Amino acid sequence: MKGKNLKLVAATAGTAGLLAMGAIGASFSAMAEEEPPTPGPVAPPEVTTGETTTDQTVPPTTPTTSIAVPEIEGPAPLAPEQEDAM
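Numbering-wise, the sequence shown is residues -32 to -1, 1 to 54 according to mature numbering (1 follows the signal peptide of the UniProt record, and there is no 0).
Rather than coming from a laboratory, the hints here were simulated on the basis of the structure.
Please read all numbers here as calculations on a predicted model, not as lab measurements.
Keep in mind that the hints are not guaranteed to be accurate.
To be verified - Taking lysine to any residue pairs in the SDA-like style, the calculated list, with each CA pair at most 25 Å apart, reads:
id	residue 1	residue 2
1	K(-26)	L(-14)
2	K(-29)	L(-14)
3	K(-29)	A(-7)
4	K(-26)	M(-12)
5	K(-31)	M(-12)
6	K(-26)	G(-16)
7	K(-29)	A(-17)
8	K(-26)	L(-15)
9	K(-31)	T(-21)
10	K(-29)	I(-9)
11	K(-29)	G(-19)
Please take these sequences and the hints and turn them into a complete structure.
So this is what it looks like as structure tokens:
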């Protein structure tokens, strides 16, 4: 008998849940704000024809940066504790 009672309780809980969700959904939809009215026809913007301008500057003939040279040459010095290990 326990199996039948468990099924009955589960079905009752499921039905109550569905009814509660429906009631909550209906109450929220009733509280929902109405959509604002759609605006009237909008006049299209005036069509204009404009010229495309490009920059007419002449690029420099030589690069602005010469050859890149590192400021420090050779390996970096070791820490004192590492020098002792060598």
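Problem - Indices of hints not satisfied (ascending) - result: 3, 5 and 10
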